[in-house]
Amino acid sequence: DTAVSQTPKYLVTQMGNDKSIKCEQNLGHDTMYWYKQDSKKFLKIMFSYNNKELIINETVPNRFSPKSPDKAHLNLHINSLELGDSAVYFCASSQGGGAREAFFGQGTRLTVV
Amino acid sequence: QKEVEQDPGPLSVPEGAIVSLNCTYSNSAFQYFMWYRQYSRKGPELLMYTYSSGNKEDGRFTAQVDKSSKYISLFIRDSQPSDSATYLCAMSASSGAGSYQLTFGKGTKLSVIP
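As you go down the protein sequences, you meet chains W and R in turn.
Under the numbering used here, the first sequence has 48 at position 65, and the numbering climbs by one with no breaks.
All you need for the numbering used here is the position in the second sequence, starting with 1, plus 28.
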């Protein structure tokens, strides 16, 4: 039974489009995250949500917006996609906002053409 | 200077070798130290985490933290081809209100040759 699941696994889209990536966790964790892994494999946090409140928001363009309908879901919406947005996006979750034992999803490989 | 420095490799070793992976950091506020393993086209998975300076052992893996030198290591004994992956060090510091921010190194790609 998958702990953190993301859909879709692959996403190819044109510049200027708007797209969403969904994430669900069944671990009962209260904090969820979105990470971006670039072509050089560098993993950097984008957002985290704790009890439906945004608690970390790094210098991410406002074209990216996280949406959390409930504690088990954190979706990522991206507007006006750009070539530089191409990357692998990982959703993760942890308990207590500790970020010590973060469990990651399989990743969504986004390619903007 | 980046907060966490990690040699990206690649590192290639024969099966059975002892592997040493290292990270240095500059932020004294880091409290928790972790190692994640990431197989190709998969998400990172937590291997080990530790809080204090010293060694922590789990099977063939040993994590070592030296806070005075701001240096952490992961040792893999009797390396196996299945250990071939990218290893990412990660560290966290409190960002207030009981929450922590996780900072990753760039990862070291390891290949264990049969």
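Hints in this document: simulated from the structure, not taken from any laboratory.
Check the hints yourself; a few may be wrong.
Unchecked claim - The calculated lysine-lysine pairs, modelled on DSS-like cross-linking and capped at a C-alpha distance of 27 angstroms, are:
#1 K137/R - K95/R
#2 K54/W - K98/R
#3 K27/W - K137/R
#4 K5/W - K70/R
#5 K98/R - K19/W
#6 K(-8)/W - K24/W
#7 K24/W - K70/R
#8 K(-8)/W - K70/R
#9 K19/W - K70/R
#10 K(-8)/W - K27/W
#11 K70/R - K27/W
#12 K(-8)/W - K50/W
#13 K54/W - K27/W
#14 K137/R - K84/R
#15 K137/R - K23/W
#16 K95/R - K27/W
#17 K(-8)/W - K19/W
#18 K70/R - K84/R
#19 K23/W - K5/W
#20 K(-8)/W - K98/R
#21 K54/W - K23/W
#22 K84/R - K(-8)/W
#23 K27/W - K50/W
#24 K5/W - K98/R
#25 K70/R - K54/W
#26 K137/R - K19/W
#27 K50/W - K137/R
Computed from a predicted structure; not experimentally measured.
Hint check results:
no.: 1; hint: K137/R - K95/R; verdict: holds, 25 angstroms
no.: 2; hint: K54/W - K98/R; verdict: violated, 36 angstroms
no.: 3; hint: K27/W - K137/R; verdict: holds, 18 angstroms
no.: 4; hint: K5/W - K70/R; verdict: holds, 17 angstroms
no.: 5; hint: K98/R - K19/W; verdict: holds, 26 angstroms
no.: 6; hint: K(-8)/W - K24/W; verdict: holds, 17 angstroms
no.: 7; hint: K24/W - K70/R; verdict: holds, 12 angstroms
no.: 8; hint: K(-8)/W - K70/R; verdict: holds, 10 angstroms
no.: 9; hint: K19/W - K70/R; verdict: holds, 13 angstroms
no.: 10; hint: K(-8)/W - K27/W; verdict: holds, 19 angstroms
no.: 11; hint: K70/R - K27/W; verdict: holds, 16 angstroms
no.: 12; hint: K(-8)/W - K50/W; verdict: holds, 19 angstroms
no.: 13; hint: K54/W - K27/W; verdict: holds, 22 angstroms
no.: 14; hint: K137/R - K84/R; verdict: holds, 22 angstroms
no.: 15; hint: K137/R - K23/W; verdict: holds, 11 angstroms
no.: 16; hint: K95/R - K27/W; verdict: holds, 23 angstroms
no.: 17; hint: K(-8)/W - K19/W; verdict: holds, 14 angstroms
no.: 18; hint: K70/R - K84/R; verdict: holds, 26 angstroms
no.: 19; hint: K23/W - K5/W; verdict: holds, 24 angstroms
no.: 20; hint: K(-8)/W - K98/R; verdict: violated, 37 angstroms
no.: 21; hint: K54/W - K23/W; verdict: violated, 31 angstroms
no.: 22; hint: K84/R - K(-8)/W; verdict: violated, 35 angstroms
no.: 23; hint: K27/W - K50/W; verdict: holds, 19 angstroms
no.: 24; hint: K5/W - K98/R; verdict: violated, 37 angstroms
no.: 25; hint: K70/R - K54/W; verdict: holds, 24 angstroms
no.: 26; hint: K137/R - K19/W; verdict: holds, 18 angstroms
no.: 27; hint: K50/W - K137/R; verdict: violated, 34 angstroms
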